[in-house]
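Chain by chain, the residues run as shown.
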Amino acid sequence: MKFQAPIGLSLPRDRAKRLLAGRGQFVDDIQLPRMLHLAFVRSPYPHARIAVIDAVEAAAMPGVVRIMTGADLAGVVSSWRGTHGLFPDMKAPEQTALATDTARWQGEAVVAVAARSRAEAEDATEQVIVDWEELPVLGDAQTALGDAAPSIHAELGGNLAFFAEIEQGDVETAFGDAHVVVERRFRFNRHTGVSLEPRGLIADYDPASHRLTVHQSHQTPHQQQDLYARLLNIPEQNVRVICPDVGGAFGLKHHLYADEMTAIAASKLLGRPVKYIADRLESFLGDIHCRDHTVTARMAFSAEGDILAIDIDDLFHAGAYSQYPRSSVAEGNQIIRLCGIPYRHEHYRAKVRMAYLNKSPLGHIRSVGHPIACAVTEHLVDLGAKRLGLDPIAVRRRAYLRDEDCPIVSPGGIALERPSFHGCLDRALERIDIDAFRAEQARLRERGVHRGIGFATFVDLTAIGPEYYGEGGQHISAQETCLLRLEASGGIRCYTGATDQGQGIDTGIQQVVAGIVGVPMDDVKVNSGDSELCPVGGGSWGSRGAALAGEAALRAGRKLRLNILNIAGVLLQKSANSLDIRGGSVVDAVSGATHMALSEVAEVGHFKPYTIPDGVAADLTVIGRYASRNRMFLPANGLHVAILDVDTDTGLVEFRRYLVVHDCGRILNPMLVDEQVRGGVVQGIGGALYEEFIYDDDGYLRNGTLADYLVPMAAEMPDIEVEHLQTPTTTSELGAKGVGEAGTTGAMGAVLNAVNDALSPFEFNLSEFPLTPPRILRTLGKI
Amino acid sequence: MNEPVKNMRIILRVNGEAVEAEVPVRRNLVDFLRGDLGLTGSHVGCEHGVCGACTVVVDGAIMRGCLLLAVQADRCDIETIEGADESGRIAALQAAFHRRNALQCGFCTPAMLLTAAALLAQNGNPTRDEIRECLSGNFCRCTGYQAIVDAVAEVAEVVEAKA
Ligand code: FES
Ligand code: FES
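Heads up: the sequence lines are chains A and B, in that order. With our numbering as the guide, the letters of the first sequence map in order to residues 1 to 783. With our numbering as the guide, the letters of the second sequence map in order to residues 1001 to 1163.
Just so you know, these hints were derived from the structure itself, not from any lab. Any given hint could turn out to be false.
Non-contacting residues of chain A with respect to chain B, defined by C-beta distances greater than 10 Å in every case (computed) [said to hold, decoys possible]:
| hint | residue |
| --- | --- |
| 1 | ARG344 |
| 2 | PRO466 |
| 3 | GLY584 |
| 4 | THR772 |
Now the stretches of chain B that chain A is said to cover, found in silico as 3 or more residues with beta-carbon under 8 Å [claimed, not checked]:
| hint | region |
| --- | --- |
| 5 | 1023-1034 |
| 6 | 1106-1120 |
| 7 | 1143-1150 |
Derived pair list, reagent style DMTMM-like, types lysine to aspartate or glutamate, alpha-carbon separation capped at 25 Å [to be verified]:
| hint | chain 1 | residue 1 | chain 2 | residue 2 |
| --- | --- | --- | --- | --- |
| 8 | B | LYS1006 | A | GLU716 |
| 9 | A | LYS782 | A | GLU733 |
| 10 | A | LYS525 | B | ASP1085 |
| 11 | B | LYS1006 | A | GLU126 |
| 12 | B | LYS1006 | A | GLU120 |
| 13 | B | LYS1006 | A | GLU122 |
A virtual CB, placed ideally from N, CA and C, is assigned to each residue, including glycine.
Whole structure, please, built from the sequences with the hints as guidance.
Spelled out as C-alpha cells, the structure:
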C-alpha cells in the first residue's frame, strides 16, 4: 500500500524549535511552591550492615525539614520484587525504597534528607553518622556462584537468580563431525546509558485531595502511574505522571529506582513537593548498568563454510537486585535467543546463568543483549572463515537465511518474517568496493598502516508485543492508543501513549495523522508524556514508537477522516464515498474540486449537531488502538560495516568509514530514522572502544566522573553512512518496524571484527570490550 | 576567628539587563543563572567541567558555568542561550540545526549553539575536522554529532559565500 505525504518525508521536528531557543522544560527547570530538595546518604561500601544511624546533629542543620531512614518509610511505601512471570524459576529479592538493615552496593541510598535547598540537604547528609559493619563483597558472577560464596540475600538461599537452557538438534555430534570448530571467550564489561540530563523528578502529593502528581524525566508515564498508585496505596485515578522534556533516556529511564521512590514517598510523608535530581556521581553509581557478561561460545563449520552448530554459555549478573518492574533477565535471555540468528544452522545449544552480587542493579539499556549476541556470532563467523581459508563475506552469503527459508522460527525461538540479510549485504557492497579495499589494505600494511574491515549482521527485536509482559504479570502496556480531536476551527489535537525523548516519534505520529486524515502538518498538534491526559500506552522503549503508536495513529486517523466525510456528506447531500480530504479541505474524490474547509465541517459537528441525522457516525473525538497479536517481537534486521585503522604503537583506533544498512520496513521520516541510527552507532562505538566501569578487587567503583568514564566525543567519531531497505511487515497496515536500537546493536561486532582484521598479520585475537588502547597493546604483546 | 563570609553582593549584566543580587559565595554561576534568574536554558550535566552543557558567554568568551562561581561573574557581562536567541545573533545556526535535525533531546543544544557561534566568529570557514575539534568539549549522547557538524558547516558556507 502507498501512503500519501507527509508520511515518508524528511521533515524537521516542531519540538526542536523550543529546545533551540533555550525554552525546553526539563524537570530540573520546574520550581513548585514550598518545594523541598532531597539528598541522600549512600553506602560508601559495596556490602555493609547498617548498625546505627545517628541523625541528631544533621536534623538541626539550617534548612533541614526531615531526615528519613528505611524505618520511617516502611509504612508509607511498599516493597517490590523484580520477578517476571514468564520465567517462573527466576528468583528476586525484596527491595525497599531505602536500604534498611544491609546495603548491598556502593551507592545504595540509606538515609534521605529533605531541606529547603539541595545545598543545605547535602550539607546535612555529611553530618549524618552511620555506623557500618563491613561484610564480605561478591564482585563477580563466577565468585558469586561459587560453592563458598555466602548468599547476599539470605531469603533466596543462594546467589543464582536465573538459569535457562535451550537445545535443538544434536549439538555434540555436530561438533564432533565438523570440519572446523572455533571457540572463543568474550568479555563485555559494564557500561550504561549516560543520558546528558540525569534522572530526576518532582513529587507533589496533596493530602487534601489524596492526589499525587509526579513530574519526572522518564520514558513510561503510564507504567509509573500504576506503580506509584500500588506502592503508595493511592487510587490510580488520583495519580498523574507528567514527563516534561526528557534529556535523553536510552532505557535507563524506564525503571523504578529506589532513590526516586524515596523522593515520592517523602512527598507523601511531608505533604509538600519534593525534588530529587541525581548528580553525575549518583548517576554513575545508581543508574541501571548493562552488559557485564562473560560468553563462552563455539561454532562448528563444514569445509564449505556452512554453519553446522552453535554452543553458547552466558554468565552474567543482575547486580544486587533485579530491576523493577521488568526484571533483569532479558539481557541474558536475548543473548541465548539471538546468537546465530541470521544464519541457517540446525544444532543449537545456549545456556545462561544470572547471579546476584554486590554491584548496582543491571538491566535494560538501549539494545538489550543484542550487541553481545551480534558480536559473538559475527566474530565466530570471521574466525571460522579464517580457519577455513574462506572469504568472510562469502561465508556469510552462503550461510545467511534465504528468502525460501522464511518465514522461520529460529533455533532460539524467534519467528522471522522476511529478513533481508542478502539484500543488506548487497547494498553494502554496492557502497564499498571490497576488492579495492583489500588491495589498499595490503598496500597500507607495507607502509605500516593497519587498516581493517568488520561486518556485523543482526536481527533487532523491535516493538515487543503484549504477550511478553502480559504473560509475565507486569503492568506494562505493549499496546498503543491514539486519541484525535478535531477542534471547531479545523485543527487536530492528537494524544499518544508513546513518549518522545528526542527520537522524533511525535513528528512521525504527526505525519501519520496528517497523511491519513489529509491535512497539512501544521494542522496537527501532538501531545504526549502525560499519564492523565494521554490515552494508555507504553511510552518509549524497545524500538516501538513507529510500529505501534504509528499504527494506532493510523487507525485513529482513518476513523476521524470517515466521520468528517460523513458530516460533509450530509451537508453536501453526497455520499461520503464520493468525497476525500486533501490539504485540509473536503474535496470531490474524482475531480479534486474543493467543497468545503474542515472548519466548516467541524463547526457543524461541534455547534449544530442537530443537523446531522441519528445513526450517522459523526464523533469528532476518536480513538485508535493497536495491539499486535500472536507475536512476541517484530524483528527488523541490518548490517554494520566499520573500516578503521589501528595504531600499533599507541593502540588507538581511528575510523575511516562507517556504513549501516538497515531494514525497518516502512519509514515515516527518513531524516529522523537516519539520525536515530547515527546516534545509536556512536553509543555502540562507546561500548566498543571507550565505556567501561572499572572496579577494584574489593568491589569499589573507580571511575564515577565523566572525566574518567570515557564517552565518545565529536572529534573521534566518524561520519556514518546510512542506507535502508524497506520490507514492510505484513502484520500491520503501516508496515513499520522499529529502528531506535539498530545503531547500537551492530557497532560492537563491526568494530571488533575490524580491529581484529586490521591486526590479523600479528595473530592478534582480542575479544574483551571495550577495545581500549591498553588491551590492544597487551594483546599485541607490546606492554 | 572571624565567621567565614557566606554571601556576597554582585552586580552584573545578564543578556543586556542589569542584575544586582546577593548570592552565597559557594553558588556556581550556572546554578545562579538557572535558579536565581530563571534562565533555565543553560543546563547542568556533570558539574565538573567535562560535558559542556553549562556553557555561557562571559565577557564575550564561552565558559563553563559550573566551573565559575557566581561571585566571579561580578561586574561581568553574561549572555545565555535566552539572550543569544532573542538578539537573533544565532538565528542562522538555530535554523540550520532545525532543518538538519542536529538535536534530539535538546539538552546539549544551547551549549552546542553557543560553542558553534564562537567557532564561526573566529573562523568563518572551518573544515569538518575543525568543527569536530571545536565541539569536542561538548558531550552529546543522542545525535552522534554528524548532524551538528553538518549544520555548523552549512552555516559556515553561507557566511563564507556572503563574505
Ligand atoms: S555541567 Fe558544566 S561542564 Fe558539565
Ligand atoms: S541532543 Fe541529547 S544530548 Fe545532544
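Here is what the structure says about each hint:
no.	hint	in the structure
1	ARG344	holds (33 Å)
2	PRO466	holds (28 Å)
3	GLY584	holds (23 Å)
4	THR772	holds (19 Å)
5	1023-1034	holds (count 4)
6	1106-1120	holds (count 6)
7	1143-1150	holds (count 7)
8	B:LYS1006 - A:GLU716	violated (43 Å)
9	A:LYS782 - A:GLU733	violated (57 Å)
10	A:LYS525 - B:ASP1085	holds (24 Å)
11	B:LYS1006 - A:GLU126	holds (19 Å)
12	B:LYS1006 - A:GLU120	holds (13 Å)
13	B:LYS1006 - A:GLU122	holds (16 Å)
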